[in-house]
Amino acid sequence: MTGWRVAGGGGPVIPNFGHPSACLEHNGWFCTDWLTKHWGDTLQPALIQHIQLTLIAVGIGFGISFLLALVGFRWRLFEGPIGGFTDFLYAIPSLALFQLLVPLTGVTVTTVEIALTSYTLFILYRTMIAGLRAVPEEVLESARGMGLTRIQTFIRVELPLATPAILAGLRIATVATISIATVAAFLIQDGLGVPIFDAIETPDLFKTKLLAASGLAILLALVADALLAFVQRALTPWSRLR
Amino acid sequence: MPTEAAELVFDEATKVYPGRDGAAVDHLSLTVPSGEICVLVGPSGGGKTTALKLVNRLIPLTSGYIRIDGTQIGDYDVTELRRSIGYVIQQVGLFPHMTVEANIGTVPRLLGWERSRIRERVGELLELVGLDPEQDRRRFPAELSGGQRQRVGLARALAANPALMLMDEPFGAIDPIVRARLQDEFLRLQGELRKTVVFVTHDVDEAIKLGDRIAILREGGRLAQYDTPQRILEHPVDEFVADFVGRDRALKALALRTLGELELVPAGRDGGDGLPRLGADANLRDALALLIAERRDALLVVGADGSPVGVARRRDLIG
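If you read the sequences in order, they're chains A and P.
Sequence positions in the first sequence follow the numbering used here and run 109 to 350.
Sequence positions in the second sequence follow the numbering used here and run 67 to 385.
Because the hints were derived from the structure by calculation, they are not lab data.
Hints are supplied without guarantee of correctness; some may be wrong.
Unchecked claim - Sample of chain A residues at the chain P side, in silico, Cβ under 10 Å: (1) LEU175; (2) LEU240; (3) PRO244; (4) LEU248; (5) GLU249; (6) ALA251; (7) GLY253; (8) MET254; (9) GLY255; (10) LEU256; (11) ARG264; (12) GLN340; (13) ARG341; (14) THR344.
Note that the structure is predicted; figures quoted are calculated from it, not measured.
Even glycine gets a Cβ: it sits at the ideal position worked out from N, Cα and C.
Build the full structure now, drawing on both the sequences and the hints.
Have a look at this one:
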C-alpha cells in the first residue's frame, strides 16, 4: 500500500535547495523563487492531474445522471427512489467511501473516480429533473396540439428548455468536484491534493507550497465556473430575456 | 386532408371522464360548414374546451363521431391529424427558446418543407398578422408584447395552411383594447382565408362579433342552441339561452346590422342640415346611442365620401 499517507514520516522533508532564499528560510507564505523553481516538477503536473480527475468524474457523472434523469422523468415512480439513492451516495464521507472501495478496485485512480463521480450525481440528477419538470404546461400542450411526437417534444422542446438548469447544475458539480478532488491524495499521488498533503506533513507546515496548491485549486474552480457560465450564455441566449 | 376549408361534423360526440359524474360533452351534434366560424360559448363546465380538444384528439372521444370532410378523426394518424389542424390556445404556448421564425416554422419543418420555402412562408405570415417580416422574425417570444405573441401564435397555427383551425380563447388573456383590434384583424384575415374555424370563448359579445354560427353549451356539455348570432339574439330557444346572451340581447341584435342595410328616408331639400351624421357602415346600436346622447329623433346617414345617403329615424332603427 505504497500510496497511503502517514503523517509525520520523520526526517527532514524539505530537501536541500542549495541556496534557499531568505523567504524560504523563514517559511514565508509566498516565496516566488520556490514557485518558479517547482512550477514544472510539482505544481503544473498536479494541476493537470487535477483537471483530469475532475473532467473524468464530471463527464461520467453527467452521462449517468442523464440516463437516471431520463428514467426518473419518464417514469415518475422512479424519480423519488433514484433521487434518494443519489442523496445516499452524496452523504457517505469520502474517506469512508475510499475504504469501502479499496477492497474492490484497489488503491487506484478508479477508486477515486468512482467516489468523485458518485458525488456529482446528487447535484446533476436533481437539476436535470427540475429543469425538465419546469417546462410550462401550455408549451407542452401547444407542442402536442401541433403534432410533435413524444420524442420530438423531448428533443426539441423539453431538453432545450431544461438546458439552463442542467448547465447550472453542471457548474455547481464541477466546482464541487474540483474542491473534493483534493482528497484523492489520501489514496493516490494525483492532483493538487498531493502538494497540499506534502505541505501539511512538513514539520512547521510548508506555507508557500500549501498556499500555492490551494490557490491553484481555487483558481481552477473559478476559471471552470466562468467558462461554463460563458457556455451557458452562448447556448441559451433566450434565457436571459425574461 | 384537403388544404382549403373543411367541413366539420360532430355526430353524437360524447366525452365522459372516468370517475366523474355526468358527461363533459353530451351527445353533441352539429355541423360547421366549410369556411365558417363556429363559436362555442357557454358557462364554465359547459365542455367548450373539451369539445374543441376532441377534434384534434388531445382528448379521446368516449362515444360518437367527429368527421372532417366525411372522414372520421380516428381514421387519421394522430400526428398527421394534428399537423393538418391549426391550434391556438389562450396562453399561446410559444416555444421560449425559439425565435419567432422557428416557432412559426415548427409544423412546416415537421412536414419536411425546404428551408427556403419555410423562410418565405414565415415572411408571408408575419405580414399577414401585422408584424414586421424582417425585424420580428429574429426576436424571441420574451421580447414580444402579449398581443404580438398571440399574433405569432396565430401565424404558427396557419403555417402549414390547415383546412381547419381550433382556437381556444385565443384573445382571453389580452387587454380589451388590443383584444378588439385582434378580433377585427382576425375577421379581416378570415375574409381572405376562409378557413373553417372552431372558436371557444366564454364572452358572449366576442361570440356574436366573430361567429357565423354560435353553439351555446350548457352545463354538462349539452347543446342549448346552434344558430346564427341574429337568430340566437332574436329567438333564444329557452330561458337559459336568453339569460346567457343577456337582457340587452335586443341591443346586441341591433349591433349586428348597419345603417346601410336600412330603408332610409330621402334627405329632403335641406340635405339633412343640422342632423347628427353617421357613416353607412355604423351599426344600429351605435346609431341609437348617438340619437339618445344628442336627444334627437333622426340622423343623417352619409357615405364613405361624406355625401348624404338618407335619413334614419329613431323608429326605423328599433322597428
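Comparing the hints with the structure gives:
no.	hint	in the structure
1	LEU175	violated, 23 Å
2	LEU240	violated, 14 Å
3	PRO244	holds, 8 Å
4	LEU248	holds, 8 Å
5	GLU249	holds, 6 Å
6	ALA251	holds, 8 Å
7	GLY253	holds, 4 Å
8	MET254	holds, 5 Å
9	GLY255	holds, 3 Å
10	LEU256	holds, 7 Å
11	ARG264	holds, 8 Å
12	GLN340	violated, 13 Å
13	ARG341	violated, 14 Å
14	THR344	holds, 7 Å
Checked against the numbered hints listed earlier, the structure breaks hints 1, 2, 12 and 13; every other hint is satisfied.
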